[in-house]
Each structure stands twice: as structure tokens, then as C-alpha cells.
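Chains Z and X: place on chain S using the hints.
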Amino acid sequence: MSEQSQPVPHQSDEQSTVNGLQRTNASRSKQRIGVAFEFACRMSTWFSVAVLVVLLAGLIWKSWGWLDADFLTNFDSRHPGEAGIWAGIWGSVWLMFFTMLFSVPIGIGAAIYLEEYAPPTRLTRFIQINLSNLAGVPSIVYGILGLTTFVRMFGAFGANQKVLAISLGFGNLRIPLPLDRTVLSAALTLSLLIMPVVIVAAQEALRAVPGSIRHGSFALGATKWQTIRHQVLPASLPGILTGVILAVSRAIGETAPLLMVGAFMFVTSTPGGIQNPVDLLTNPQGVLDAPFEPFTAIPIQILNWVQHHKHEFEHVAAAGIIVLLVVLLVMNASAVLLRNRYQSKVRW
Amino acid sequence: MSMSFAEIVEQRQGGSVAVSAGVIPAIKLSTKNLSFFYGETQALFEVTIDIPARNVTALIGPSGCGKSTFLRTLNRMNDIIEGTRHTGTVWLEGADIHDKRVDVVALRKRVGMVFQKSTPFPKSIFDNIAYGPRIAGEKRKKVLAEIVESCLKRAALWDEVSNRLKESALSLSGGQQQRLCIARSLATDPEVLLMDEPASALDPASTARIEDLIFELKENYTIVIVTHNMQQAARVSDSTGFFFQGQLIEMGSTLNVFRRPKEQATEDYITGRFG
Amino acid sequence: MTSANTPLRTPAQSAELLRGHVTVAALKERLIRGVLFLCALVSVITTLAIIFVLVTESIVGVGSNTAFFQDVSVWEFLTETRWTPQYAEQHFGILPLLCGTLLVAGIAALLGLPVGLASAVYLSEYASPRTRKNVKPILEILAGIPTIVYGYFALVFVTPYLIRPVFQDLLGFNVSIYNALSAGIVVGIMIIPMVSSMSEDALRSVPRGLREAGYALGSTKFDVSARVILPAAISGILASFLLAISRAIGETMAVTIAAGQSPTLTLNPFESVQTMTSFIVNVSQGDTPVGTPSYKSLYAIALTLFCMTLAMNLLSHFIMRRFREVYE
Numbered sequence: 001m002s003e004q005s006q007p008v009p010h011q012s013d014e015q016s017t018v019n020g021l022q023r024t025n026a027s028r029s030k031q032r033i034g035v036a037f038e039f040a041c042r043m044s045t046w047f048s049v050a051v052l053v054v055l056l057a058g059l060i061w062k063s064w065g066w067l068d069a070d071f072l073t074n075f076d077s078r079h080p081g082e083a084g085i086w087a088g089i090w091g092s093v094w095l096m097f098f099t100m101l102f103s104v105p106i107g108i109g110a111a112i113y114l115e116e117y118a119p120p121t122r123l124t125r126f127i128q129i130n131l132s133n134l135a136g137v138p139s140i141v142y143g144i145l146g147l148t149t150f151v152r153m154f155g156a157f158g159a160n161q162k163v164l165a166i167s168l169g170f171g172n173l174r175i176p177l178p179l180d181r182t183v184l185s186a187a188l189t190l191s192l193l194i195m196p197v198v199i200v201a202a203q204e205a206l207r208a209v210p211g212s213i214r215h216g217s218f219a220l221g222a223t224k225w226q227t228i229r230h231q232v233l234p235a236s237l238p239g240i241l242t243g244v245i246l247a248v249s250r251a252i253g254e255t256a257p258l259l260m261v262g263a264f265m266f267v268t269s270t271p272g273g274i275q276n277p278v279d280l281l282t283n284p285q286g287v288l289d290a291p292f293e294p295f296t297a298i299p300i301q302i303l304n305w306v307q308h309h310k311h312e313f314e315h316v317a318a319a320g321i322i323v324l325l326v327v328l329l330v331m332n333a334s335a336v337l338l339r340n341r342y343q344s345k346v347r348w
Numbered sequence: 349m350s351m352s353f354a355e356i357v358e359q360r361q362g363g364s365v366a367v368s369a370g371v372i373p374a375i376k377l378s379t380k381n382l383s384f385f386y387g388e389t390q391a392l393f394e395v396t397i398d399i400p401a402r403n404v405t406a407l408i409g410p411s412g413c414g415k416s417t418f419l420r421t422l423n424r425m426n427d428i429i430e431g432t433r434h435t436g437t438v439w440l441e442g443a444d445i446h447d448k449r450v451d452v453v454a455l456r457k458r459v460g461m462v463f464q465k466s467t468p469f470p471k472s473i474f475d476n477i478a479y480g481p482r483i484a485g486e487k488r489k490k491v492l493a494e495i496v497e498s499c500l501k502r503a504a505l506w507d508e509v510s511n512r513l514k515e516s517a518l519s520l521s522g523g524q525q526q527r528l529c530i531a532r533s534l535a536t537d538p539e540v541l542l543m544d545e546p547a548s549a550l551d552p553a554s555t556a557r558i559e560d561l562i563f564e565l566k567e568n569y570t571i572v573i574v575t576h577n578m579q580q581a582a583r584v585s586d587s588t589g590f591f592f593q594g595q596l597i598e599m600g601s602t603l604n605v606f607r608r609p610k611e612q613a614t615e616d617y618i619t620g621r622f623g
Numbered sequence: 624m625t626s627a628n629t630p631l632r633t634p635a636q637s638a639e640l641l642r643g644h645v646t647v648a649a650l651k652e653r654l655i656r657g658v659l660f661l662c663a664l665v666s667v668i669t670t671l672a673i674i675f676v677l678v679t680e681s682i683v684g685v686g687s688n689t690a691f692f693q694d695v696s697v698w699e700f701l702t703e704t705r706w707t708p709q710y711a712e713q714h715f716g717i718l719p720l721l722c723g724t725l726l727v728a729g730i731a732a733l734l735g736l737p738v739g740l741a742s743a744v745y746l747s748e749y750a751s752p753r754t755r756k757n758v759k760p761i762l763e764i765l766a767g768i769p770t771i772v773y774g775y776f777a778l779v780f781v782t783p784y785l786i787r788p789v790f791q792d793l794l795g796f797n798v799s800i801y802n803a804l805s806a807g808i809v810v811g812i813m814i815i816p817m818v819s820s821m822s823e824d825a826l827r828s829v830p831r832g833l834r835e836a837g838y839a840l841g842s843t844k845f846d847v848s849a850r851v852i853l854p855a856a857i858s859g860i861l862a863s864f865l866l867a868i869s870r871a872i873g874e875t876m877a878v879t880i881a882a883g884q885s886p887t888l889t890l891n892p893f894e895s896v897q898t899m900t901s902f903i904v905n906v907s908q909g910d911t912p913v914g915t916p917s918y919k920s921l922y923a924i925a926l927t928l929f930c931m932t933l934a935m936n937l938l939s940h941f942i943m944r945r946f947r948e949v950y951e
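One line per chain: the protein sequences are S, Z and X, in this order. For the first sequence, counting from 1, position 26 maps to 26 in this note's numbering; every step adds exactly one. Position in the second sequence counted from 1, then plus 348, gives you this note's numbering. Position in the third sequence counted from 1, then plus 623, gives you this note's numbering.
Be careful, since some hints might not be right.
What the hints assert, rightly or not - Which residues of chain S face chain Z? A partial, calculated answer using Cβ under 8 Å:
(1) 120
(2) 212
(3) 213
(4) 215
(5) 216
(6) 218
(7) 219
(8) 220
(9) 221
(10) 222
(11) 223
(12) 226
(13) 230
(14) 231
(15) 235
FYI, nobody ran anything at the bench for these hints, they're computed from the structure. Glycine residues also receive a C-beta, built at the ideal position from the N, C-alpha and C atoms.
Same shape as in the complex, but just chain S (with noise of 0.2 Å):
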């Protein structure tokens, strides 16, 4: 509620008026004490305010003239003037690709469990507690389990690197075990790491879908999957992928994991050669190769910036820095036009 559509007069009117006594010297000091109290946490809230404009005028102003066409396209270079994010965004593009592929499934069969199917068991309850818990495990610590289950694979493979060629006909898939520090490795890893906040989303998305929705279609004779199938998910899949895409969005700004599992700073290819969105029909075995090549990524190109000796690097961090949150502002954009459209659309 807010407090102005409270029925409360004017603390100053009430006080004065109240049996027709002054004002003591004790109730203005009170007063003052409210007026500065106000004042405080009206400030605090205008001070994160300040920050975000502080923080983006500020890096408007370090990547003024640097931030331009050459600057997208051109890859990574000891020259500032030179240096370029185009290796950058392609391995971001194939993390996000692969880290959807695996964590939006899985995180939505997993909602759907607990929402619809898990009886109110104690497993239930501890899957539902560990949830929680894991959405508040810091990301580096996911980044050392990547780092031991997917980049070593436990050194179960020894020394030597081997490599599990399968042949599909129009390219070969070359599958290197242990998978190394490779697009792959990073995309599992980050998976594990939204994928709490994926469940959430979801069964929160799921939880708005009105109990009478379920209960009609049962009454049709419908199976419980049918259900979901043909209603339960229609119903909720806008909010599920605003869910989806506010994680993945937090996925691409990750840097922690990614620098555990091996991503490279300074890298002059992409992954499996493809440069271009039409390379991805013409060369299909740059496709399959493609997530098990060694790769570099938007936040990990502005750290090798950030950490650069060479003062000019600031310059360039800067510009990575605004392509990254341009990015971000698209996908959260998105997500909010989604579940605009999706209010209006549907009322129950």
C-alpha cells in the first residue's frame, strides 16, 4: 500500500492542532529526526540511481572514438588501435547456444516435476531447499567443477588426450575426451550454473497457470501429460522464456567460470572457422568442430583488456564493456516486451 492513499493527515497539521497544544521543543527535534531520516533513505535510493548514470557516462566517455565498426569485427590485436571483439562475440554466441540447448530442457522437465508431478515427499522438499542453495553457490566454485568433471574429466583419461572421431556422413564429429578447454566444456558449465535459476522461473511461470485449467481439461478426459502437453505449458511457455532469457542473460556476463574452465584471453579464430551466419549452412564440418575448439568470450576479452599493461587497453575495455551491456539491454529488453505482450494478452 502506499502511504499516500492513506487516510493520515500531515504529521505538522495533527500535532498542532492536537488539544490545542504547542509544539514542545521534544516533538520538533522528533520531527527533525523524521525529515533527516526521510532524506537519508531518499538518498540512498537516488544514490544507486547516480551510480548507473556515473557508471555509463563514465564508460561513454573511455570508449568515445574507439568503439566503432573495425572495433566489432576485427580480432584481437597487441595494438589497441587494432584490438577487436569479433572472436568475442562468436564464442559467445556458441556458449549461449549450447548452454540453452542444455539447461532450458532440463530446467523446464525439472520444473514441470516438481510443479505437477513430485508428491509432497521429503525428497521433494530437499530438491526443492537444495534449489535455492545452489542458485547462492558462487559462480567460481561451478567454474572448479567444470574445471574437474568436464575440462579433466577427473584425469580418468590420463596424459594423453584421446579423440572419439564419429563419422556422420557430411562431417566428422571429433570428440576429444577429456573435453578440455573447449566451447563445450564452458556451455555444460554455465549450464549447471543458470540452470537453478531456469527451475525457478519455470515453476513460477507454471504456479500462474490457474488450477482450472488443470482441472477442466482432467474432467475431459485428459492424461495428466496431455494436460501439461496441451495446456499447462502453452499457457505458461511466455513466462518460462522470460525466465529463460533473464538467466541466460546473466550466463553471458559471467567471467569467473569461464576463466576456470580455460577460456583463452587472446585468441585470433573462431570457433570452427565460422565467421559469418552463412558459414554455418556452407561448412558443415566448421559446425560440428565448432564446440570442441578452444575459445575466448566477450567478458573474458574485456578482463584480458582490463588487466592489460598498456594504459590505451582502458579504452578498449571500455568499448567491450558497452557491446556487452548492449547485448544484455537487448535480451532483457525482450523479456520485458515478451511478458508485456503476454499481460495484455491473457487475463484469466
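Below, chains Z and X alone, put in the same frame as chain S:
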């Protein structure tokens, strides 16, 4: 509204041939000593009832008396709620519906249900009706279109929506939505229709349409309707059961229940002394 | 369709119609349920895998692989004041890292908790709905900014344009370019949105009646906010504080960039420190050979970090649950 409930019934039966004296209708659904529990709370106490086939049976009683709970045990919709259990037996044409071998889905196809609040799916009108046949495996477009048309006609909705079948069902008015839900239930070709206060949220005109519809549907369907509106029970039903505090107090032909209630509680309720 | 003239079925016929058959469809239902259950298990497996990895590398070794604490005693780990895994003379004392972590988290808490709480009070008690509608998305944006950006902000803006002018030029301290204060400040900024939104939820879930009772007694808005609402929502606020501190302890990139990499046992906020998280990053960046104690120390540190954050998260969770029980 000076007419008594009994007069309503008599007036109606003057023009109706449905219930002719002396014919004992076959029994479609029956229960014996049916008790029902939500956790520790007992909601139904030893209910024994016979529901005649192709008749309208009204269940009346003050709110919280267990009539809706009872209705939902008839197609096992209560199974969905966690922590519920029952004792006693429910038979559909002599077959125990709680038998281990019974498939709930098959049961609900034979015993359809219409809810108090209309529950159209957020899909088109066509898809709402076609949903039941589709999940039962019907894929032929022509057959589906025929089902949709005939169900909408039987639910007296065809004339109003025939030219906008592709529109969202949520765009219909409340009364239309409820008739859509009835049409949707008919599409799975049930034998019994359970209606839980189907008109309680509707305006008088829509209510009248639903009541007419119920009256027509009983030609082919066994209908059990829960209502707190005694005039409605009197207008549409052939037999009436009075529930009170989880017990079935009295069950008989609607005329008898309203004109000559056997139990004091029934009389008190009908004459408006409580409830 | 049944017509008015068809007689009823016999009980046997009716039962046959109701019978469930072992059909492909029924098997499919079961299979789907099983697959969905496996999806839900993935999260449990993740937790178990984290624990397994951390424990086998730091407490009990598997096979020929010895664990960190089989090479280095727990006593040394907890009491030694030097952390020098990269030097010839190796010392594995967590205290410098712990101290660095707590220094940064402490500064972050000093800034983030009061500011976050105050803005929660403002948003829930004072702000007009319009202000709230405009400010909340800004907080969400702040929460969504990647941590590496905050690291850059600390290094490129906070230290040279805020800390150095004030503390070095004005007050005469010697401020290192990498320092705990700048890291603490940006981590503090990072936790503001979290504290603010969780505390605001807690404040808003205080029943209206309590508020109105306060005003009815002639209290001022300040009295009601500070003496009635805040105490009533205290457990929800505490839960948000715990979660925020846990986040500050686990924060990695901003700290790695801004606080530097020197594991010194100091409480001087103008010096460079190394936190647990930035040590982990540092090892992974270098070429420490797999299997050496200094490599395995990474797991010991990660285990410590995991236990600390887990304890705080669980505590926050249980406080929150108690809080919900009171008002819902």
C-alpha cells in the same frame, strides 16, 4: 416470486412428459456408505444414493454441506487434491469406479464435468471443443469440425459463434463461456454430466438459457447438478437430494422433496429458516 | 451416442469400459514422468558433484591422488599467517586470504547493507507509486550488470577519481592502485539491489493493521517506519543481509580486478589484498602443474568458500521461513 417451489415443479411438469408416474427409471450412478475426508476433516458421512439414468438430479443444501465434494467424488476429481481419502463405494452402471483396474481417464470420459466458474482454455472456440476428441486420438479435420458443430448446436451456442470459431474463447461473455464449457464436455461423448453450480456466476438471462439446455440434454444424458438456488432445482430437476453437514438428509422426486419433505431439516431449509 | 432408448449396460460391461489397459499411451505417461524426474535430479547431482569434487581433492584423496589436507595439516592451514604457494618456501595459511575476503566483504557490507535497507524503506514507506515504478527497474539494471564491469569501474574510476583524491591527496594515506577499498565499494554497490528488493518485500509483508495501529496512536511516519515496521520485518531484513554478505564473499571478478593479488595479512583498506576467490582465479590463470599441493590448495580454498556461503545461505533460508510463518 410468490410461487412456491412445489408450484414451480407442478407447473413445469404439466407441460413435460419426462417423468411419468409409475415408471422406475434405471439407476446410472449409485453410492453406498460413501464417506470422504480432507486430511483429518470428514466432509461426507456415509452417503448412500441412487441416481437415475437420463434424469436431472439436483443436489441442494447450504454452502459447505458437502454437495460439491460429493459431486467431485463421482468422477474422482477429488483424487487430484493431496491428502484426501474416502471409504464406501461408488458404482457407475454397477461397476466400482475405485476398483484398482479402473483407469481414471476412462472414467472421466464417461462422466464429464462442468465447473462453477467457467474454465475455457486460452485457445480458440474451435480448439476448446475439439480438445477432448483430439486428446482421445481424433485427428481427422472433417470429423472434428462435425463434432464442434454438433456440440455447439446442442449447447445452443452455434448461432452465436458459428462465424467466429477461430476467435479466442476468452472473448466470449460469461454465459457463453459456460455454454462453451458444456459443449466441450459433450464433445467427449460422456454418459453423465456433473454440473457444479453451473449458473451461479451468470446473469438471469444466461441462467435461463443454461437451464433450458439442461432440460434438453437430459434426453440423452444423466445429469447431476449441484445448486444452492432452490428455484433452479425446482425448475430443472426430476429428483432432488438435500445435503446437510456432510450427510444426505433426504432424496426423492423433486415434487415430493419440495412439497412434502420428510425431514424437518429439509423443510426448514426449503422454507428459508436457515441456509 | 447413447439414446433415450438404449438400455443400461450390465456391471461387467461397464467395468470393462472403465478398465485401464497397459497401452502404449500409458507407458508413455510413465516414461515421461520418469524423464522429468531425472531432470529434477540433475540439480541434486550437481550439488553432490560439487561436494564430491571439493572433498576428494582437499580432504580424502581417491586412488593414488593425495588430497590437499593429506599434504598440509589442517592446523597449518588455519593458523599459519603466510600464504605463499608460488614461492620455493611454501606456506599454506588461509588467514591472509580470509582476512582479505572479510575486509572486502566488510567494506561492502558497511556500504551496501545500510544503503540497501534505507532505499527499501524509502521505496516501501515513502515513495509514490510512480517513483517506485521508475526506480525499481533501475535497481534491476544495476543487479544485472556483469561483475566484471564493476571491476573495471573500481579500477578505472573509483580508485583514481574518488579514493586517491580523498585519501591520498587530501588525507595523506598511501593508496595502492589495487586496493581493498575500491573492491569493497563496488561489491557494496552490487549488493544494494539485492538487499533493497528483499528487504522491501519483507517491509511490505508487514500487515497493514500494524501500520494503521501505529498511526492511530499519533506516531509520526518516522516512528512507524523505524519503531514498528522495521522491527516487525527484522528477520526478513536479516535474511537479506546474510544473503548479500554471502554474495560479497563469493564475488570474484570485481575483486580480482580491483583488489589485486597480494596475500598480505592486513586490515589496511588502501593496500592490495588477495581474497579466496581471486586466489582461485590466479591459480587457474597460471601454469601450476596439476597434482601439486599449490594446485590442490585451490580446492581447499574453494571448499572453505563453499562451506561459508552455504552456511550463510541456509541460515538466511531458515530465518526467512520463520519470518514467513509469522505473517502468512
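Now the hints, each set against the structure:
1. 120: holds, 6 Å
2. 212: For residue 212/S, the interface hint holds, since the closest Cβ of chain Z sits about 4 Å away, which is under 8 Å.
3. 213: The hint holds - residue 213/S has a Cβ within 8 Å of chain Z, the shortest such distance being about 6 Å.
4. 215: holds, 7 Å
5. 216: Cβ of residue 216/S sits 4 Å from chain Z, so the hint holds.
6. 218: holds, 6 Å
7. 219: holds, 4 Å
8. 220: holds, 4 Å
9. 221: Interface hint status for residue 221/S: holds (3 Å vs cutoff 8 Å).
10. 222: Hint on residue 222/S: holds, closest Cβ of chain Z at ~5 Å, below 8 Å.
11. 223: holds, 5 Å
12. 226: holds, 5 Å
13. 230: holds, 7 Å
14. 231: For residue 231/S, the interface hint holds, since the closest Cβ of chain Z sits about 6 Å away, which is under 8 Å.
15. 235: Holds. Min distance 6 Å.
Of the numbered hints given earlier, the model fails none.
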